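Asks: The opening position of the sequence shown corresponds to residue 1 in UniProt numbering, with each subsequent residue numbered one higher.
Just so you know, the hints here were simulated from the structure itself, not pulled from any lab data. The reader is advised that the hints may include incorrect statements.
[What the hints assert, rightly or not] Label-pair distances were calculated between CB atoms; the ranges are:
id	residue 1	residue 2	range
1	A143	Q196	16 to 26 Å
2	G66	Q231	26 to 36 Å
3	T104	G285	42 to 52 Å
4	E79	Q231	33 to 43 Å
5	L45	A167	16 to 26 Å
6	G301	L178	19 to 29 Å
7	D144	A261	24 to 34 Å
8	P212	R232	42 to 52 Å
9	P25	N134	49 to 59 Å
Since the structure is predicted, the reported quantities are computational estimates derived from the model, not experimental observations. By construction, the Cβ of each residue, glycine as well, lies at the ideal position given by its N, Cα and C atoms.
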Amino acid sequence: MVLMLTVGPLAALGETDDAFEPMQPKPRVRLIAPTASDGAGVGRLLRVEAEGTNVLRLELCFSWTGGTIVLRAEGGRMEQTALLPATHERVTATLTGYGMEGQTAWVSVQLRTPRETLIDDMLGRAQAIAQDANARFMPADDADDPGTCKNFLRGLLEAFADGYALADAPDARLAMPLNADAEDCSPWRYGVQWAQAADSPYAEVGRFRSDPEQAREENAQQAAELLRMAQRGDVLQLACNYVDGNGPHAILLTQDCDGEALVFADSNRKGTRVGGVRYGWAQYGARWTVEFLADALAASGCGATLYRLREDITRR
Numbered sequence: 001m002v003l004m005l006t007v008g009p010l011a012a013l014g015e016t017d018d019a020f021e022p023m024q025p026k027p028r029v030r031l032i033a034p035t036a037s038d039g040a041g042v043g044r045l046l047r048v049e050a051e052g053t054n055v056l057r058l059e060l061c062f063s064w065t066g067g068t069i070v071l072r073a074e075g076g077r078m079e080q081t082a083l084l085p086a087t088h089e090r091v092t093a094t095l096t097g098y099g100m101e102g103q104t105a106w107v108s109v110q111l112r113t114p115r116e117t118l119i120d121d122m123l124g125r126a127q128a129i130a131q132d133a134n135a136r137f138m139p140a141d142d143a144d145d146p147g148t149c150k151n152f153l154r155g156l157l158e159a160f161a162d163g164y165a166l167a168d169a170p171d172a173r174l175a176m177p178l179n180a181d182a183e184d185c186s187p188w189r190y191g192v193q194w195a196q197a198a199d200s201p202y203a204e205v206g207r208f209r210s211d212p213e214q215a216r217e218e219n220a221q222q223a224a225e226l227l228r229m230a231q232r233g234d235v236l237q238l239a240c241n242y243v244d245g246n247g248p249h250a251i252l253l254t255q256d257c258d259g260e261a262l263v264f265a266d267s268n269r270k271g272t273r274v275g276g277v278r279y280g281w282a283q284y285g286a287r288w289t290v291e292f293l294a295d296a297l298a299a300s301g302c303g304a305t306l307y308r309l310r311e312d313i314t315r316r
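Could you put together the complete structure from these sequences and hints?
Replies: Structure, rendered in structure tokens:
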């Protein structure tokens, strides 16, 4: 038996076989800051921290409708401060790492809008006050006292007003409007709505007014439709008998209405008197069922208005 062995031609001296060339390691990147929970801070500044392996350089691009900002760093480490634009739009941050032979790796994150960070700021402060045994009881006897329901909410906005603006009124200071006069609320009870104010950072998104020509059940159904529209950061201005009180009240929604209940922050719905002076109790995470509040609003002369921070809020 004769065995035959067939082999291909041998490579000439100096030739190489690409199959034996070492592969370049793939680049990898990690965006440490900002994250999806971040947005521009005071002065529109934002901390940037990123790292990469097997990269020659890093590039971070902030993009929004009509513009981009690009930061660059040689090597695998980036620590800088970005100055973001005075825009109300959502900004996307995309980190790209450039490796050998044109290889790239990237990661992208959408930042919170200025409106969203303002809501975060206000709710964070409301929660901190409500959890501070020394701060949550505030004078609420006079119209100007900080513990009244409306002044408590106005104070939350006031605390951060210097860091935000309106796109179409950049020099106007953000402020929550006062309640409308009783005459402007008539024939419904005082406290069902706010006064008209130029450059208000809030927009009315819905209202309910009890109709004396309708049955209470029908009024309650319509009131419930308004309440189910409520979103995190909205303010509900109302006037009714809500058991803890009978009259005007304002609440700040801490989460979207789930269809069954409103979860909110407020002040002076509960309180006590010390030395003859009324002190209101700031609360966070309080809860009313939609059914309960809708029935209360359905009573004669009662009503509510839902207000929402405008979309065109920017950072200063």
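Asks: Please go over all the hints and tell whether each is borne out by the structure.
Replies: Each hint, compared with the structure:
1. A143 <-> Q196: 16 to 26 Å: For Q196 against A143, whose Cβ atoms are near 20 Å apart, the range 16 to 26 Å holds.
2. G66 <-> Q231: 26 to 36 Å: holds, 27 Å
3. T104 <-> G285: 42 to 52 Å: Check passed, 46 Å falls within 42 to 52 Å.
4. E79 <-> Q231: 33 to 43 Å: holds, 36 Å
5. L45 <-> A167: 16 to 26 Å: Since the Cβ atoms of L45 and A167 sit about 19 Å apart, the hinted range of 16 to 26 Å holds.
6. G301 <-> L178: 19 to 29 Å: Once the Cβ atoms are compared, 21 Å apart, the range 19 to 29 Å for L178 and G301 holds.
7. D144 <-> A261: 24 to 34 Å: holds, 32 Å
8. P212 <-> R232: 42 to 52 Å: violated, 34 Å
9. P25 <-> N134: 49 to 59 Å: holds, 56 Å
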